[in-house]
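If you read the sequences in order, they're chains U and S.
Sequence positions in the first sequence follow UniProt numbering and run 1 to 338.
Sequence positions in the second sequence follow UniProt numbering and run 1 to 338.
Calculated directly from the structure, the hints in this document are not laboratory data.
Wrong hints could be hidden among the right ones.
Remember, identical chains collapse to one label, so a pair may be satisfied in a single copy or spanning two.
Dumping the calculated DSBU-like pairs for lysine-lysine here, alpha-carbon to alpha-carbon at most 35 Å [stated by the list, open to error]:
| no. | residue 1 | residue 2 |
| --- | --- | --- |
| 1 | K149 | K189 |
| 2 | K317 | K55 |
| 3 | K189 | K55 |
| 4 | K317 | K116 |
Note that the structure is predicted; figures quoted are calculated from it, not measured.
Protein chains: 2
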Amino acid sequence: MSDKPIALDAMGGDHAPHEVVAGAVHAVRERGLSVVLVGPPRVLYEALEDHRATKEVPIVRADEALAMDEGALASLRRPRSSIAIACHLVRQGNASAAVSAGSTAGIVATGRLRLKGLPGVLRPAIAVALPTLPKPTLLLDAGANADAKPEMLVQFAHLGAAYAETAFSIGKPRVGLLTIGGEAEKGNKLTRRAHELLTASPALHFVGNVEGHDLLTGLADVIVTDGFTGNVALKTMEGAVQYAFTELRNTVNAHRAARLGALMQRGALRDLQRRLDSEAHGGAVLLGLTGTVVIAHGSSRAAGISAACQLAADLEKGGVVTRIGERVASTHRTHRLW
Amino acid sequence: MSDKPIALDAMGGDHAPHEVVAGAVHAVRERGLSVVLVGPPRVLYEALEDHRATKEVPIVRADEALAMDEGALASLRRPRSSIAIACHLVRQGNASAAVSAGSTAGIVATGRLRLKGLPGVLRPAIAVALPTLPKPTLLLDAGANADAKPEMLVQFAHLGAAYAETAFSIGKPRVGLLTIGGEAEKGNKLTRRAHELLTASPALHFVGNVEGHDLLTGLADVIVTDGFTGNVALKTMEGAVQYAFTELRNTVNAHRAARLGALMQRGALRDLQRRLDSEAHGGAVLLGLTGTVVIAHGSSRAAGISAACQLAADLEKGGVVTRIGERVASTHRTHRLW
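Make a model of the complete structure from these sequences and hints.
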């Protein structure tokens, strides 16, 4: 749909810039994507030379960067940071989407500031793909809006549905509302009202309330919640999986150290843990702006960066921004008819 | 402190009344506790006869029961249900505490209706003990108040601190606030204000914000949140642990079926999963009323019921209700001084 490059923030993430540069090279060579690196030219040029890739990956200059521990305020003070320039490239039409492994708060604030909101979209939201099978479940908002209104949750459903259609080819994404009981009257004020609004939305396939234990069962393709609850749930999930593995290792080692110790080291456990980590967190996407911003995990190495570039390209190729615009516009028409 | 019996709702739970009766017999014989069973006399008498325990466990008559799928409203219509009578015995001073494995919503509504609130306590809350080491972490509110005010979160801290002092002998319980970032200004409106109030509470050892991944790391002894977030977090944790185990079984079976299959069946995994389940959910306690109500897991068998009776006895012996009353009264004095 577009042969514009992905704008990749070379300075975001725990392993920037070297792993980011390696990820860019991988995305270009192995995935056939078009990528520009945004950051300090000299450093990036030298890093590209290590891969003999100076002619394959162009560089756009940005001399500042947001540190991983800098939040939303820093993005205001740094109009020339690498993530700000990456967003600027998207806004000017010189890049199709932006990718960064920097701090989520900084990326969200910069995205809001440098990319316009889509007409009719109340607030952008962060969508995270949870590792359900056969297809991922999208949870949103995962943290962009700590205090949300019921109308926003309906919009998050449209943002998520557009993402699911685009990236996972789901024809009619099932939308669930995260709350604390199956019946419509269960929940808090926010979810009770959101339930009413979702039920009255003909353009959504609303399947009702879901609970915390449904997040990983594939009961819905899109699960909507406010950014506070979504962020708590996501981090709780991460912590619980980590806990389960640690406890399991302790239990098994205590029981059958000789037989299992080596095996556990070698293989299955670590593979699985890595898969959960990257699948759950590699794919966060800031949706609802005039361009797509993929938020790679802060600890991403080259493979994670390359996968994030692929996700950005897939969403862009599927026209996710256009789809969101159409969906939101259709809800406005519907509302006007009432 | 009290030789009054525990009032045990014989009709609550998936395996009532037989496993509840067996649990009562276990609590009396193996733990030396005093227990009365509340329910239909004839059925309970026959069940006790199977254990030759008709002389060891008295019965108090209740001919109705709340079904597991009945919620808060049913408790209004059933003043003679087994859980209502159990609470009534506590209120009249004929029992020290109540225990039920019935539906949480029904127990909370009945407790509120049949037991008076403690003076000064805004709302009772559900505390759940999470399986951290060396001592459990208490999470509250786990679902009694879907819409909470900042002042309530401060009270939940006192309820939890009194529980931790009483049941786990923690001298100065560390209190954390569940939110979505470490800094004071992170979170939603509720948690930002609650952070201010907790910081200004001299009677609490407030250690600051904690996040979802801290729930199982033992960073705090008491973690406070609103009942909506707490319930979502608890169920998310449950689902994530379940997910991790299932995935792990699949992965390991796929890799080394012959060597590991039998072992997995036999032992470590299932033991651990059972421990997580019972420790995380066997110990929910409704705090803030004039009597303590322990909410055993709905799927409890005899051992879980007996453990719930022990928890009720421990809390009562340690004077948890008096401690809560003193703590809340002290905060009122403090507030008046300002």
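Find the hints from earlier in the document that the structure breaks and name them by number, from lowest to highest. 3
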